[in-house]
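Asker: Taking the hints into account, I'd like the entire structure generated from these sequences.
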Amino acid sequence: MEIVCGVEQLNRHPLTPYSEVVCDFLDTYSKALRSDIEAKTYPDVMTFAFWARRGNVGKKKEEFFLSDIGKKRIGRGIVFHIAPSNVPVNCVYTYAFGLLAGNSNVVRIPTKHFPQIDCMLRVIEEVLKEEAFSVIREMTSFVQYDRKEIEYTEKLSSLCDVRVIWGGDNTINSIRRTLLPPRSTEITFADRYSFGIVSVNAVLKMSDKQLNELAKKFYNDTYLIDQNACSTPHLICFQKDGLSAKDIENAKIRFWNSIYSVAEKYQLYEIKASDKYSDLCDIVMSSDDDSLLNGNLIKNVKGFDNLLYVCELSMLPDDVVVKCRGRYGMFFEYNFDKYEELSVLSDTKVQTCAICGLDNNALRDYIVKQGWYGIDRIVSFGSTLDIDLIWDGYDLIGSLSRVIC
Amino acid sequence: MSIEEMLNHSPYEDECDIKQNIFLERLNMLTYRHYNRCKEYHQFIDILHGGKIQYESIEDVPFLPVKIFKKRELKSVSDEEVFKIMTSSGTTGQQVSKIFLDKTTANNQQKVLTRIVSEYTGRSRMPMIILDCPSVLKNRNMFSARGAGILGFSLFGSKKIFAFTDDMELNLTEIKDFLKKYEGQTIFLFGFTYMIWQYFYKKLVEINEYLPLEKGVLIHGGGWKKLASEAVSKEKFKESLNSVCGITSVHDYYGMVEQTGCIYMECECGHLHASIFSDVLIRNMQDFSVCQNGEMGAIQVLSALPASYPGHSILTEDIGRVLGEDDCPCGRKGKYIEIIGRMKNAEIRGCSDTFER
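Going down the list, the protein sequences come from chains U and Z. Taking the numbering used here, the leading residue of the first sequence gets 1, the next gets one more, and so forth. Taking the numbering used here, the leading residue of the second sequence gets 1, the next gets one more, and so forth.
Certain hints may be false.
Claimed, not checked - In silico DSS-like links for lysine-lysine, alpha-carbon gap of 30 Å or less:
(1) K159(Z) <-> K265(U)
(2) K344(Z) <-> K302(U)
(3) K299(U) <-> K71(Z)
(4) K138(Z) <-> K112(U)
(5) K323(U) <-> K344(Z)
(6) K70(Z) <-> K216(U)
(7) K159(Z) <-> K138(Z)
(8) K299(U) <-> K159(Z)
(9) K112(U) <-> K39(Z)
(10) K52(Z) <-> K252(U)
(11) K240(U) <-> K349(U)
(12) K299(U) <-> K70(Z)
(13) K71(Z) <-> K323(U)
(14) K349(U) <-> K138(Z)
Said to hold, decoys possible - Per label pair, the in silico range of CB-to-CB distance:
(15) E209(Z) <-> N173(U): 34 to 42 Å
(16) I340(Z) <-> K216(U): 32 to 40 Å
(17) D386(U) <-> S229(Z): 56 to 64 Å
(18) T165(Z) <-> N173(U): 36 to 44 Å
(19) T173(Z) <-> N173(U): 51 to 59 Å
(20) R254(U) <-> L151(Z): 35 to 43 Å
To be verified - Example chain Z residues on the side facing chain U (calculated, C-beta under 7 Å, incomplete):
(21) I47
(22) L48
(23) K52
(24) V290
(25) L323
(26) E325
(27) E347
Everything labelled a hint here was simulated from the structure, so no lab data went into it. Since the model is a prediction, treat every value here as computed from it, not as a measurement. Every residue gets a Cβ at the ideal spot worked out from N, C-alpha and C, and that includes glycine.
Answerer: This is the structure in structure tokens:
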């Protein structure tokens, strides 16, 4: 096991959430990243730097201390983070979450090499040299070892108060074979499914310019990351708003046309086009065996050359989270009147619901009232990928701290 | 036109206009057949092609992606009629294509293969060296692409030996005895490109041995992916083999388990030829438009043979181009093509932990 950054022996001395030294450190780190020539070349690193600045963290801090219980919290001790193997910046986000909650952190970084990680850790190391942050230094340990070397997972698990596993499911299952001390807790970020709801009425009312703005946001939620993230939408449910079939069709054509025109900048590599066409052919060959319709699962397909495929579902199948997934610009669509028609999305796998033209609170109230066990986030299009302190249904500061009542 | 009637034509005699008519009629017949017998294909045509099954031009005939044969078991015959199942040779853990053959389709594949290959080797059988090991033919129920290739080409052999032991060691003494016994005769050799390079050529160089195969005819296939990574070009392959055994007649072929029989043989000019039993279109992957001759794109292969599974029109993951049609200096009619290689792997963005297909 290699200590890549920070110390080998962590000081297990919890702080209160949002302690001054942590906020100072994150702000200094943010500045250092934003003035680092290499760091500036990575947009994902810059997004983190922007997130970590005092202006952003300070607002969260204020909000946090509005509640009485916030004032009674303290970190749990040591958090052992298993960072995801393919989203480089998440290892630093999870570290920052741990610090903000008041904990010392040992972060296992992926063995696969990422220049972003090298860069971010290099800058952390520089900032930690400052006298003012010696306390943070003692709370910081980034390590690297092969996932097969379970003796290290065992050792670190036995020492931690909270274990945080960034999935997917296979990683979680394999790490969970290693026991935690009885008092320790665990947070797991498993494989998830996400979708969107668009109001037909809202689309019809939008100006071309507004629609284009929406399409750009949609692009960033989907094409930008090859539709390959837990929170990227695969299915768009169009709320009919009592409009005529013709209006609905017009709205949908308008919507998809605007997506198509923005998606022109997407680089569709040959192999991705091929995989996408295979997915399309595979899904049109599916039947909805369970339904009374006893027909095809896919009613029709709108094709916008190979950049955008839109498959209209004749029903939402029970296994929608498995079956209705697209890659590289393939989406499913479904028309509905009332939320109850979407009940198959009450599935613990469902994470983010991106909305357009809907009342966020009304949808949340519905989910709560019906006791759904899916949907952890309701956000506008364009924000599906914004990771933050409330994620996957967890309030991370709460989960990484304890309350002295 | 039935395959029997098509077999009365020489595989490279028909010029474009004659071939197109015969071929299109056959493709329409196959589309109709699969539409009515294969439920999945029926849905594919209904949903993506509005139920249309008769087409005016070969370019309009719908194509399935080659990966679909890895995802689904597609067949247009009843389970009882399945005579054998061919699989692509994937490494362990990889998904393999499963191709269902009835007796008729299997027979037609063999007949067409024979017709095509005899244009290069002559009709009589020859002593044959199989550049592979005997174990590849075990387990006859599940034919791998490698085993199927060997069995298919074995029909050209009178006496046959395997060049390698099951440990892929060269049977040098046996080969030498064999060559002595059939001295002066044309020797037919068949194997897979990479294995010939790795276990035949390299071994002969290593032990500094020359085999007298000046009168040999070598047919090899399976692709250049591994050799390209060792920077071995077609030319280098031929020259190198010539240096260790004097062979001059070396023919590559392009083919796949999804369309067995309809192989594209390399002529004396180094071009891969479509026969009257198959055709090739090159498509631009941005919008599936058909590329001009000379332009590179994804290779779509069309075959007159697949009657037991809907594989008469397939979009491959290979990149290539059509070099010309009916005008190859070797005199063979039909399209002749060049294979550039597989589609390049692209880095996938996002967090791929979300879902593994």
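Asker: Give a verdict on every hint.
Answerer: Do the hints match the structure? See the list:
1. K159(Z) <-> K265(U): 60 Å, violated
2. K344(Z) <-> K302(U): With Cα atoms ~27 Å apart, K344(Z) and K302(U) stay inside 30 Å; holds.
3. K299(U) <-> K71(Z): 21 Å, holds
4. K138(Z) <-> K112(U): 40 Å, violated
5. K323(U) <-> K344(Z): Given pair K323(U), K344(Z) holds - Cα atoms ~27 Å apart, limit 30 Å.
6. K70(Z) <-> K216(U): Distance ~35 Å between K70(Z) and K216(U) Cα, so the pair is violated.
7. K159(Z) <-> K138(Z): 20 Å, holds
8. K299(U) <-> K159(Z): 58 Å, violated
9. K112(U) <-> K39(Z): Violated, because 44 Å separates the two Cα atoms, which is more than 30 Å.
10. K52(Z) <-> K252(U): 26 Å, holds
11. K240(U) <-> K349(U): 26 Å, holds
12. K299(U) <-> K70(Z): 24 Å, holds
13. K71(Z) <-> K323(U): The given pair, whose Cα atoms are some 13 Å apart, holds under the 30 Å limit.
14. K349(U) <-> K138(Z): 45 Å, violated
15. E209(Z) <-> N173(U): 34 to 42 Å: 54 Å, violated
16. I340(Z) <-> K216(U): 32 to 40 Å: Holds, at about 36 Å.
17. D386(U) <-> S229(Z): 56 to 64 Å: Given about 41 Å between the Cβ atoms, the range is violated.
18. T165(Z) <-> N173(U): 36 to 44 Å: Given about 43 Å between the Cβ atoms, the range holds.
19. T173(Z) <-> N173(U): 51 to 59 Å: 54 Å, holds
20. R254(U) <-> L151(Z): 35 to 43 Å: 57 Å, violated
21. I47: Hint holds; I47(Z) Cβ to chain U Cβ min 4 Å, cut 7 Å.
22. L48: 6 Å, holds
23. K52: Violated - the Cβ of K52(Z) stays beyond 7 Å from chain U, reaching only about 14 Å at its closest.
24. V290: 14 Å, violated
25. L323: 20 Å, violated
26. E325: Check failed: Cβ of E325(Z) comes no nearer than 24 Å to chain U, outside 7 Å.
27. E347: 9 Å, violated
Hints 1, 4, 6, 8, 9, 14, 15, 17, 20, 23, 24, 25, 26 and 27, counting from the list given before, are not met by this structure.
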